[in-house]
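First residue of the sequence shown: 614, per the numbering used here; consecutive thereafter.
Quick caveat, the hints were computed from the structure, so don't treat them as lab data. Take the hints with a grain of salt, since some may be wrong.
No more than 27 Å apart at the CA atoms, straight line, and that leaves these computed lysine-lysine pairs for DSSO-like [claimed, not checked]:
id : residue 1 : residue 2
1  : K825      : K626
2  : K626      : K658
3  : K658      : K703
Restraint ranges, calculated between C-beta atoms of paired labels, are given here [stated by the list, open to error]:
id : residue 1 : residue 2 : range
4  : E844      : M699      : 38 to 46 Å
5  : E851      : E766      : 25 to 33 Å
6  : R681      : D774      : 23 to 31 Å
7  : D745      : D774      : 22 to 30 Å
8  : R681      : C655      : 18 to 26 Å
9  : G789      : E766      : 23 to 31 Å
10 : E685      : P723      : 34 to 42 Å
11 : D724      : D643      : 35 to 43 Å
12 : D760      : D700      : 26 to 34 Å
13 : K770      : S642      : 38 to 46 Å
None of the values given here were measured: they were computed from a predicted structure. For glycine and all other residues, C-beta sits at the position ideal for the given N, C-alpha and C.
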Amino acid sequence: MNLFPAIDLVDGKAVRLIRGDYHQMTVYSDDPVSVAKGFAACGAKYLHVVDLEGARDGNTPNLEVVKRLIRESGLAVEVGGGIRSMDTVKAYIDAGAFRVIIGTAAVTDPDFLDAALAAYGEKIAVGVDIKDGMVAIKGWQEVSRLDCFAFCEQLTKKGVDCVICTDISKDGLLSGTNLALYAELSTRFPIKITASGGVTTVEDVRLLAGMKLYGAILGKALYTGAIDLSEALPAAREENL
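My request is simple: use the sequences and hints to build the entire structure.
See below:
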(Lines of atoms letter the chains of each structure in order from A; the text may use other names.)
(Lines give C-alpha, C1' and ligand atoms only; values in the text may rest on other atoms or scores of the structure.)
Protein backbone atom coordinates (compact mmCIF):
# COMPACT_ATOMS: atom_id res chain seq x y z
CA MET A 614 0.00 0.00 0.00
CA ASN A 615 1.19 3.49 -0.81
CA LEU A 616 1.22 6.22 1.82
CA PHE A 617 0.39 9.80 0.94
CA PRO A 618 1.40 12.35 3.58
CA ALA A 619 -0.93 15.31 3.18
CA ILE A 620 -0.55 19.05 3.00
CA ASP A 621 -3.74 21.11 3.08
CA LEU A 622 -3.30 24.70 1.97
CA VAL A 623 -4.98 27.91 3.11
CA ASP A 624 -3.36 31.26 2.34
CA GLY A 625 -0.16 29.49 1.31
CA LYS A 626 0.19 27.76 4.68
CA ALA A 627 0.03 24.11 5.72
CA VAL A 628 -3.10 23.69 7.86
CA ARG A 629 -5.49 21.05 9.15
CA LEU A 630 -9.22 21.30 9.71
CA ILE A 631 -11.51 19.23 11.92
CA ARG A 632 -14.27 17.50 9.93
CA GLY A 633 -13.76 20.04 7.17
CA ASP A 634 -14.78 22.97 9.41
CA TYR A 635 -12.94 26.08 8.23
CA HIS A 636 -13.59 27.65 11.65
CA GLN A 637 -11.62 24.86 13.33
CA MET A 638 -8.29 25.36 11.57
CA THR A 639 -4.80 24.88 12.92
CA VAL A 640 -1.81 26.33 11.05
CA TYR A 641 1.12 23.92 11.25
CA SER A 642 3.62 25.66 9.00
CA ASP A 643 4.13 28.84 7.01
CA ASP A 644 6.48 26.87 4.74
CA PRO A 645 4.71 23.92 3.09
CA VAL A 646 7.71 23.17 0.89
CA SER A 647 9.85 22.57 3.96
CA VAL A 648 7.17 20.25 5.35
CA ALA A 649 7.14 18.28 2.09
CA LYS A 650 10.91 17.98 2.09
CA GLY A 651 10.67 16.56 5.61
CA PHE A 652 8.29 13.89 4.34
CA ALA A 653 10.74 13.05 1.55
CA ALA A 654 13.59 12.78 4.05
CA CYS A 655 11.58 10.11 5.90
CA GLY A 656 11.36 8.06 2.73
CA ALA A 657 7.99 9.16 1.33
CA LYS A 658 7.53 8.95 -2.43
CA TYR A 659 4.15 10.65 -2.75
CA LEU A 660 2.44 13.81 -1.54
CA HIS A 661 -1.29 14.54 -1.33
CA VAL A 662 -2.07 18.27 -1.64
CA VAL A 663 -5.45 19.96 -1.27
CA ASP A 664 -6.14 23.63 -1.88
CA LEU A 665 -8.83 24.05 0.78
CA GLU A 666 -9.77 27.53 -0.38
CA GLY A 667 -10.14 26.19 -3.89
CA ALA A 668 -12.27 23.29 -2.68
CA ARG A 669 -14.63 25.70 -0.98
CA ASP A 670 -14.73 28.46 -3.59
CA GLY A 671 -13.98 26.70 -6.87
CA ASN A 672 -10.81 28.59 -7.75
CA THR A 673 -7.04 28.07 -7.39
CA PRO A 674 -5.64 30.68 -4.96
CA ASN A 675 -2.74 28.41 -3.95
CA LEU A 676 -1.68 27.40 -7.45
CA GLU A 677 1.80 28.91 -7.16
CA VAL A 678 2.43 27.14 -3.85
CA VAL A 679 1.36 23.85 -5.41
CA LYS A 680 3.72 24.45 -8.32
CA ARG A 681 6.57 24.96 -5.85
CA LEU A 682 5.67 21.75 -4.03
CA ILE A 683 5.75 19.84 -7.32
CA ARG A 684 9.00 21.46 -8.39
CA GLU A 685 10.94 21.42 -5.13
CA SER A 686 9.71 18.57 -2.90
CA GLY A 687 11.16 15.66 -4.84
CA LEU A 688 7.83 13.84 -4.37
CA ALA A 689 5.18 12.68 -6.82
CA VAL A 690 2.36 15.12 -6.09
CA GLU A 691 -1.35 14.52 -6.47
CA VAL A 692 -3.46 17.63 -6.09
CA GLY A 693 -7.12 18.44 -5.51
CA GLY A 694 -9.33 21.33 -4.45
CA GLY A 695 -11.21 23.64 -6.79
CA ILE A 696 -10.53 21.67 -9.96
CA ARG A 697 -13.64 22.43 -11.98
CA SER A 698 -12.36 23.25 -15.47
CA MET A 699 -10.09 21.74 -18.09
CA ASP A 700 -7.85 24.81 -17.87
CA THR A 701 -7.19 24.06 -14.20
CA VAL A 702 -6.55 20.38 -14.89
CA LYS A 703 -4.10 21.33 -17.63
CA ALA A 704 -2.36 23.87 -15.40
CA TYR A 705 -1.63 21.22 -12.76
CA ILE A 706 -0.66 18.52 -15.27
CA ASP A 707 1.63 20.95 -17.08
CA ALA A 708 3.18 21.89 -13.73
CA GLY A 709 4.10 18.24 -13.22
CA ALA A 710 1.36 16.85 -10.96
CA PHE A 711 1.23 13.09 -11.44
CA ARG A 712 -2.46 12.94 -10.56
CA VAL A 713 -5.27 15.52 -10.42
CA ILE A 714 -8.24 14.90 -8.12
CA ILE A 715 -11.69 16.04 -9.19
CA GLY A 716 -14.19 16.30 -6.36
CA THR A 717 -17.22 18.58 -6.51
CA ALA A 718 -17.23 18.77 -10.29
CA ALA A 719 -17.40 14.98 -10.59
CA VAL A 720 -20.84 15.31 -9.01
CA THR A 721 -22.07 18.60 -10.47
CA ASP A 722 -20.53 18.39 -13.96
CA PRO A 723 -20.15 14.78 -15.14
CA ASP A 724 -19.42 15.95 -18.69
CA PHE A 725 -16.32 17.72 -17.38
CA LEU A 726 -15.19 14.53 -15.66
CA ASP A 727 -15.69 12.61 -18.90
CA ALA A 728 -13.62 15.18 -20.80
CA ALA A 729 -10.83 15.06 -18.23
CA LEU A 730 -10.76 11.26 -18.33
CA ALA A 731 -10.68 11.29 -22.13
CA ALA A 732 -7.78 13.75 -22.15
CA TYR A 733 -5.67 12.47 -19.25
CA GLY A 734 -6.82 8.95 -18.34
CA GLU A 735 -5.06 7.56 -15.27
CA LYS A 736 -3.84 11.01 -14.27
CA ILE A 737 -7.42 11.77 -13.15
CA ALA A 738 -8.70 10.60 -9.78
CA VAL A 739 -12.02 11.34 -8.10
CA GLY A 740 -12.40 12.43 -4.50
CA VAL A 741 -15.46 10.89 -2.87
CA ASP A 742 -16.08 12.67 0.42
CA ILE A 743 -18.63 10.84 2.53
CA LYS A 744 -20.98 12.22 5.15
CA ASP A 745 -23.59 9.88 6.62
CA GLY A 746 -23.28 7.66 3.57
CA MET A 747 -23.83 10.48 1.08
CA VAL A 748 -21.37 12.38 -1.10
CA ALA A 749 -20.41 15.83 0.17
CA ILE A 750 -19.24 18.64 -2.12
CA LYS A 751 -17.88 22.21 -2.14
CA GLY A 752 -15.27 21.71 0.52
CA TRP A 753 -17.71 19.49 2.47
CA GLN A 754 -20.04 22.47 2.93
CA GLU A 755 -22.93 20.79 1.09
CA VAL A 756 -24.21 17.21 0.98
CA SER A 757 -25.56 15.85 -2.30
CA ARG A 758 -28.27 13.24 -2.74
CA LEU A 759 -25.80 10.71 -4.09
CA ASP A 760 -25.22 7.51 -2.14
CA CYS A 761 -21.47 6.94 -1.89
CA PHE A 762 -21.57 3.34 -3.12
CA ALA A 763 -23.85 4.15 -6.05
CA PHE A 764 -21.50 6.98 -6.98
CA CYS A 765 -18.46 4.71 -6.84
CA GLU A 766 -20.32 2.30 -9.11
CA GLN A 767 -20.85 5.12 -11.61
CA LEU A 768 -17.17 6.05 -11.45
CA THR A 769 -16.10 2.47 -12.03
CA LYS A 770 -18.26 2.28 -15.15
CA LYS A 771 -16.74 5.54 -16.41
CA GLY A 772 -13.28 4.02 -16.17
CA VAL A 773 -11.96 6.10 -13.29
CA ASP A 774 -8.61 4.62 -12.23
CA CYS A 775 -8.41 5.84 -8.62
CA VAL A 776 -10.94 6.97 -6.02
CA ILE A 777 -9.94 8.77 -2.83
CA CYS A 778 -12.60 8.17 -0.20
CA THR A 779 -12.76 10.34 2.89
CA ASP A 780 -15.02 9.62 5.85
CA ILE A 781 -15.69 13.19 7.00
CA SER A 782 -16.88 12.03 10.42
CA LYS A 783 -13.38 10.73 11.15
CA ASP A 784 -11.32 13.52 9.64
CA GLY A 785 -9.00 15.39 11.97
CA LEU A 786 -10.20 13.70 15.16
CA LEU A 787 -7.36 11.19 15.68
CA SER A 788 -9.98 8.61 16.68
CA GLY A 789 -9.17 5.92 14.15
CA THR A 790 -10.32 5.33 10.60
CA ASN A 791 -13.47 3.69 9.22
CA LEU A 792 -12.10 0.22 8.54
CA ALA A 793 -15.51 -1.23 7.69
CA LEU A 794 -16.07 1.38 4.98
CA TYR A 795 -12.75 0.68 3.28
CA ALA A 796 -13.18 -3.08 3.55
CA GLU A 797 -16.51 -2.80 1.73
CA LEU A 798 -15.15 -0.42 -0.91
CA SER A 799 -12.16 -2.62 -1.62
CA THR A 800 -14.39 -5.68 -1.94
CA ARG A 801 -17.04 -4.10 -4.14
CA PHE A 802 -15.04 -2.03 -6.62
CA PRO A 803 -12.15 -3.16 -8.87
CA ILE A 804 -10.41 0.21 -8.83
CA LYS A 805 -7.63 1.82 -6.81
CA ILE A 806 -9.05 2.88 -3.43
CA THR A 807 -7.22 5.38 -1.24
CA ALA A 808 -8.40 5.69 2.35
CA SER A 809 -8.56 9.13 3.93
CA GLY A 810 -9.79 10.41 7.27
CA GLY A 811 -8.82 9.37 10.76
CA VAL A 812 -5.74 7.24 10.02
CA THR A 813 -4.27 7.66 13.49
CA THR A 814 -1.81 4.87 14.31
CA VAL A 815 0.69 2.60 12.61
CA GLU A 816 -1.73 -0.24 13.37
CA ASP A 817 -4.38 1.58 11.30
CA VAL A 818 -1.87 1.61 8.47
CA ARG A 819 -1.21 -2.13 8.84
CA LEU A 820 -4.91 -2.96 8.86
CA LEU A 821 -5.60 -0.89 5.75
CA ALA A 822 -2.60 -2.43 3.99
CA GLY A 823 -3.98 -5.85 4.84
CA MET A 824 -7.10 -4.99 2.83
CA LYS A 825 -4.85 -4.58 -0.23
CA LEU A 826 -5.92 -0.96 -0.64
CA TYR A 827 -3.98 1.10 -3.14
CA GLY A 828 -3.21 3.87 -0.68
CA ALA A 829 -3.87 5.75 2.53
CA ILE A 830 -3.55 9.44 3.32
CA LEU A 831 -1.87 10.60 6.51
CA GLY A 832 -2.85 14.02 7.77
CA LYS A 833 -3.21 15.34 11.28
CA ALA A 834 -1.60 12.26 12.83
CA LEU A 835 1.69 13.24 11.19
CA TYR A 836 1.53 16.83 12.38
CA THR A 837 0.75 15.91 15.99
CA GLY A 838 3.30 13.12 16.16
CA ALA A 839 0.69 10.37 16.60
CA ILE A 840 2.28 8.62 13.62
CA ASP A 841 5.99 8.57 12.79
CA LEU A 842 6.19 8.51 9.01
CA SER A 843 9.46 6.57 9.06
CA GLU A 844 7.64 3.78 10.95
CA ALA A 845 4.42 3.96 8.94
CA LEU A 846 6.08 3.56 5.54
CA PRO A 847 7.50 0.07 6.18
CA ALA A 848 4.24 -0.94 7.92
CA ALA A 849 2.35 -0.06 4.74
CA ARG A 850 4.68 -2.18 2.65
CA GLU A 851 5.02 -5.25 4.85
CA GLU A 852 1.47 -6.47 4.26
CA ASN A 853 2.17 -6.54 0.52
CA LEU A 854 5.25 -8.78 0.78
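- Item | 25 to 33 Å as the expected CB spacing between E766 and E851, which holds or is violated | holds, 32 Å
- Item | Satisfaction of the hinted span 18 to 26 Å by the C-beta atoms belonging to R681 and C655 | holds, 20 Å
- Message: Check the hint pairing K626 with K658 against an upper bound of 27 Å on the C-alpha distance.
- Response: holds, 21 Å
- Item | 38 to 46 Å as the expected CB spacing between M699 and E844, which holds or is violated | Holds, since E844 and M699 (Cβ atoms, about 41 Å apart) stay within the stated range.
- Look at the Cβ atoms of K770 and S642 and judge whether their distance stays inside 38 to 46 Å. holds, 40 Å
- Item | Distance restraint hint 23 to 31 Å, applied to the beta-carbon atoms of G789 and E766 | holds, 27 Å
- Query: Does the hinted range 22 to 30 Å hold for D745 and D774 at CB?
  - Reply: holds, 27 Å
- Item | Outcome for the supplied range 23 to 31 Å, where the beta carbon pair is R681 and D774 | holds, 26 Å
- Taking the beta carbons of D760 and D700, is their distance inside 26 to 34 Å? With Cβ atoms ~31 Å apart, the hint holds.
- Lying within 34 to 42 Å: is that true of the beta-carbon distance E685 to P723? holds, 35 Å
- Message: Just to be careful, I want the Cα atoms of K658 and K703 compared with a cutoff of 27 Å; is the pair within it?
- Response: holds, 23 Å
- For D724 and D643, compare the CB-CB distance with the range 35 to 43 Å and indicate the outcome. holds, 39 Å
When held up to the earlier numbered hints, the structure conflicts with hint 1 and nothing else.
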